[in-house]
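Fit chain B to the known structure of chain A by using the hints.
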Amino acid sequence: MRRIVILGGGTGGTLIANRLRRLVDQGSAEIVVVDADDEHVYQPGLLFVPFGLADPAGLTRPRHRQLRPGITFRRAAVDRVDLEQDTVWLTDGTSLGYDVLVVATGARLVPEETDGLTGPGWMDRVFTFYSLDGAVALRSALSRFDGGRLAVGVVDMPVKCPVAPLEFSFLADWYFRRRKIRDRVELTLVTPLDGAFTKPVASRQLGGLLNDKGVSLVTEFNTGEVDGQAGRLISYDGREVPFDLAVMIPLHGGQAYVDRSPGLGDALGFVPTDERTLQSKARPNVFVIGDAADIPASKAGSVAHFEGEILARNITRYLAGEPLDAAFDGHTNCFIETGFGKALLIDFNYATEPVTGRFPGRLGLPLLRQSRLNHAGKLAFSWLYWHVLLPGREIPTVGSPMPAAGKRSLPTSDPGGPPAQSRKAP
Amino acid sequence: MPTTTYAGTDVTVNDEGFFTDPSQWREDMAPQIARTEGIELTDRHWQVIKFMRHEYQAKGTGPTVRGLGKTSGVSIKELYQLFPKGPAKIAAKIAGIPKPRGCI
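Top to bottom, those sequences are chains A and B.
Residue numbering for the first sequence follows my numbering, starting at 509 and increasing by one per position.
Residue numbering for the second sequence follows my numbering, starting at 133 and increasing by one per position.
For reference, chain A alone in the conformation it holds in the complex (with noise of 0.2 Å):
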């Protein structure tokens, strides 16, 4: 009996739990889960929480919950995995051998790695919508504002969900007009890019949207410091952007085990992989799906969705001593909340930039518009989720390659990328 050992009850070790459950015969191996608890949070549903339109008792349930049965749910911490010997030790003492890894551990946020971030005002007047305690307390922020300059910070990359600072600023604008606050409200997005968004037709689009909202945008910045008592953000080269409010998205890295593990993991902890299949740099056995790698992809559900079809087929392979597929490209799908009851949705892979057209074909969602026809699916996102992404199930008409019918011209993306491949859309 072999043993498959996810560690990591977020979506993306969910989701393949699920799928490896149904590819791999119960009698052949078994599978367990491990997490440091049993509360999985929908983050898609944080960036909702500071303005009321979600209920954050609503955004969690159970992780256990969510594996199909013959799952083995393990709720412990991990203290390192140690590669030489194939096993998980884990902080209770007790240790897990295996013979597949599945690093699933996401990403963590470091706000402490920035000065004065978490020193005085955090809580206060410095917040952070990435985390379910930091978006609760921001909505009771935002609620007491009536006014004066509200800063959105990326502190640097990789974050997850890129865009979710984006939205975060549309929707503060929705906020404050509906308060009929908006003139007393000076809203500046301030980002380490040199636009709003890493890829080129996207990030015009979207700069143009913050214009129209007039929401400032502040580029190039690298927050060095976060001054909470004065209320200034200063960047490494010496600039400064005065705040009242400031909604931070701090610094990330991956999980502190990978730290301890020798070999497993790059500077920042993040897990270096191969981008095509998804097979740790460390180890043949140890695989990575989600945040957790540093693969040049976005850190978002989506990506981890598409991951899972191809992972789970790489680790059948590997278990059967089969050459692996190296066949993921990259596929991104993000749903931007503009507020006002409108998104705008971009799809993109590691060789194709975002670009206008429909998804995921000619008569689909509208890309790169805002159009209410997106909200709808921004909203109907939630149920799918739960009962679709998490139990590793396929979207009717959305495979794991990024679908090319349906988009005007397909740009590729700058020549540093990875080599386009081409693939058949489905």
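Just so you know, these hints were derived from the structure itself, not from any lab.
Worth double-checking, as some hints may not be accurate.
[Claimed, not checked] Each computed SDA-like pair below joins lysine to any residue, with the alpha-carbon atoms no more than 20 Å apart:
hint	chain 1	residue 1	chain 2	residue 2
1	B	202	A	764
2	B	231	A	804
3	B	209	A	740
4	B	191	A	560
5	A	789	A	745
6	B	231	A	728
7	B	209	A	728
8	B	221	B	140
9	B	202	A	905
10	B	221	A	833
Because the structure is a prediction, the values reported are computed rather than measured.
Relative to chain A, chain B alone:
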């Protein structure tokens, strides 16, 4: 691809001035590249440049500023003092390696 001359040798660079072939780079080219960025190289600059070359050879891409701050032995604050216009980018250019692949 544009060609430019450093230390008497023709090299190919991209539109932004990054080497397209890191093997064309030699140490005696670095001071000249640095001057085009307004930088006079010191030992501290060299520590970063050598680290960038080493990382690129080991991993196929240059480190980010955060990665540099954690592993090069030079703090992020000092990195910005050494390369004010962006440590990862400018140090990569002087070290003759491609522009570090931006995060998504």
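Report task. Give me the numbers of the hints this structure contradicts, sorted from smallest to largest. Result -> Violated: hints 4, 5, 8, 9, 10.
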